[in-house]
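Visitor: Based on the hints, put chain B in the right spot on chain A.
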Amino acid sequence: MKILVCVKQVPDMESRFKPDGSGTWFEETDLAFRMNEYDEYAVEQAVQLKEQLGNEPEVTVLSIGPDRVNEAIKKALAMGCDKGAHIQDPAPQGKDPWQIASIIAQYARTEGFDLVFTGMQSQDRGSAQVGVLVAELLGFACATTLVGFAFADGVVTAKRELEGGIKGVAKLRLPAVVTCQLGLNIPRYPTLPNIMKAKKKEILAIPVADLLKEEAVAATARFYPPARKGGGIVLEGDVGNLVEQLYGILKEKTTVLR
Amino acid sequence: MKALLVCEYREGKLLDTTYELLAFADRIGAEKAMVLIGSDSALPACNSTVYLAEAAKYGEYNPDVHKKIVLDAVQRENADCIVFVHSSYGWDLAPRVAAALRAGQVSEIVGVVDGGYEVGCCNAKMRRAVTPTSGKAVLTVQAGAFSFTGTPQGTPKVERIDIPDGATPVEFVGYEPAEKKDVDLTRAEVIVSAGRGVGKKDNIPVIQALAKALGGELGASRPVVDAGWVDHSHQVGTTGQSVSPKLYVACGISGAIQHLAGMKKSDFVVAINKDKDAPIGEVADVLVVADVMQFVPALTAKLQ
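If you read the sequences in order, they're chains A and B. Under numbering that gives the first Met the number 0, the first sequence has 53 at position 54, and the numbering climbs by one with no breaks. Under numbering that gives the first Met the number 0, the second sequence has 235 at position 236, and the numbering climbs by one with no breaks.
Isolated chain B, as found in the complex:
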């Protein structure tokens, strides 16, 4: 089987997640080729063919143009499967490529099991094994699910892609930087995070008090930030900060994949949740099955 791995490139740099695609290809025993819409100065270190189109010419992201470039590489390589990271780039582009090829797509693969590719479902509480039934397949893999170990090395064989310009109904305008972070959670030794299970904004000080009693910082999951209960600078997860404290206490957080991705490097994880089956239980060293608003004040009192 031949796999075409679609590299990611943003603001002039190759993204590290690209190497996870190599790890995934090894896991499924596929021959590898890569495609990059980027530049010569940001080629992945590997011993495969890399089909290179210039981002300077085609733009860092224009979905219709990037689709044509990937399809060109698919054809030249005669790839059986086309693999993306399940990122904002991958999940946007992959279905476009799948539609053009009439190929089955499997999204956000976390493992390879009997019966196909393993994907999460029902908010990560359950799993499905999915198999493409078409000639070619399009796959997106969850960031972090297939770790690349070791140092990337090798020199790729570069094949250039040049496609005819064409009109496109989507115009990429540019990037907006992330909001300035007032709180640097990446250095905190203890983080106590509030999730939707906290119930309401008025309850946030209760979580903050536990953070203070443990000498740590307040963190938050995305829904809590979106609801305006806590400022974005406290958000932990793929769209917030990635953290690695000695102790992470998740209060009323169910454990969406994006949140888990941001806190899984914590040394010790305590989750407090009424729902014993919540996915946070998968990564927790201790799961306390309790109502957050009853348990947290009692723990804070004990610590004080």
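The following block holds chain A by itself, in its conformation from the complex:
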């Protein structure tokens, strides 16, 4: 069995974001990048499946972006993936989800994967489209937002998260794509020996132009901070003063302090 895991590198979401020169995306200077959180669940699930099947499946981790995305690939290798595919693209943010999905599908088609794991969405763009589009382009079965995954006899049993705590259960025949949600598993920390081992694993570099055949179908016109809804008070300073101020506000504006 051949497994593909797609990961994206995103900025730390605690960061302060400001528009870049183009006005359509964020300025990268001073931002720290890490693996997209949802993709960590995808990597973990792929590695768990490999272990379940006696380490037979080969797990490839793919990421699209500039050189820095090698860090995310290396982390996935240290978590247990076998090899990396770095699709070299200095400006992936200029491509829409349709193009990103077509790049992945083009790569997957030539490699003949049976199962593709990815996060349910990215933390930065958050379109929740790429995984499903990859499945559609490849003609694979697909289930999104997995909080439960089981594999037996060539069939994936997927537990999908619906609203209000309800789960939807579906069975998928391979080949398939699944997108992973928070709560699916607890991603492992790469151990030092595994980090050392990962350094010897192959990372294939492929120029994005070799795989991109599609035109964009959507464009970002602007990137900007949300309008504050107004009226909210912001309190800053010494903790003692903050407590007094908040206590006063609660007394004045609410009925909960009697």
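Quick caveat, the hints were computed from the structure, so don't treat them as lab data. Since the structure is predicted, the reported quantities are computational estimates derived from the model, not experimental observations. Don't take every hint at face value.
[Stated by the list, open to error] Derived coverage of chain A by chain B (criterion: at least 3 residues anywhere in the stretch with Cβ under 8 Å from a Cβ of chain B; other residues may be distant):
#1 15-26
#2 57-66
#3 139-145
#4 245-251
Don't be surprised by glycine CBs; every beta carbon is placed ideally from N, CA and C.
Guide: Just chain B, lined up with the frame of chain A:
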């Protein structure tokens, strides 16, 4: 412009969020038609055409079959845009329809602005204006962003959809009910919720102590529940409970959209967060910029 609105139906009932699609269509000034995979007994009240396929025949959710039904309605209506709620149903089905039509999709629309549809990004800290550049467009709208006011009324003109059966690699097995709730947060007058910013499980009693001092209940955001710090029955948000207390205190909660959706009906919101730019600040009446573990015990002591 003609909009085809995709209704939601689960366990025999039409979901109320369906009406938000009508509000969105009005906002963009589109002519409306709807498609429902459901039943005659759960038709939306409206004056539009509703393309109806029987859920009894096609299943409440099979993505490949539902895609074919929606595409059939798109063709019959010659719709310019196809609109879904950004729910577990919409975000699963919309990209499949978009791929089939080679249409640009804009996900989780929160507003309509100069330059396109407004969507959240970077964990809701920022916004993008996005425009589809294809002939047709697929749109998903954030639940609650376009409120339907008034009472739904009207009688739809029903057009039936019957498509050939086909093999599908996905089989819908069924639903699993939500875990039983030990705590009914929906009745609480005060809720003090713990988020990831609380740091570790050992710190939860500090938040619980504030809840007690205010005579309220402990709530939690999703990552805290997933980490096993707090039981799921305390979770506030789209996958937990929707609450409307007199006072909601968010401790170390950044304010993911799913959490905000579950607590935005609170009368008064206090957020305690080190990050002044955290999206929770957008809905907070008071944002206290401080370390939760320093501020909360001090506030509890004052209250006692």
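Visitor: Please go over all the hints and tell whether each is borne out by the structure.
Guide: Structure-based check of all given hints:
no. : hint    : result
1   : 15-26   : holds (count 4)
2   : 57-66   : violated (count 0)
3   : 139-145 : holds (count 6)
4   : 245-251 : holds (count 4)
Of the numbered hints stated above, the single one contradicted by the structure is hint 2.
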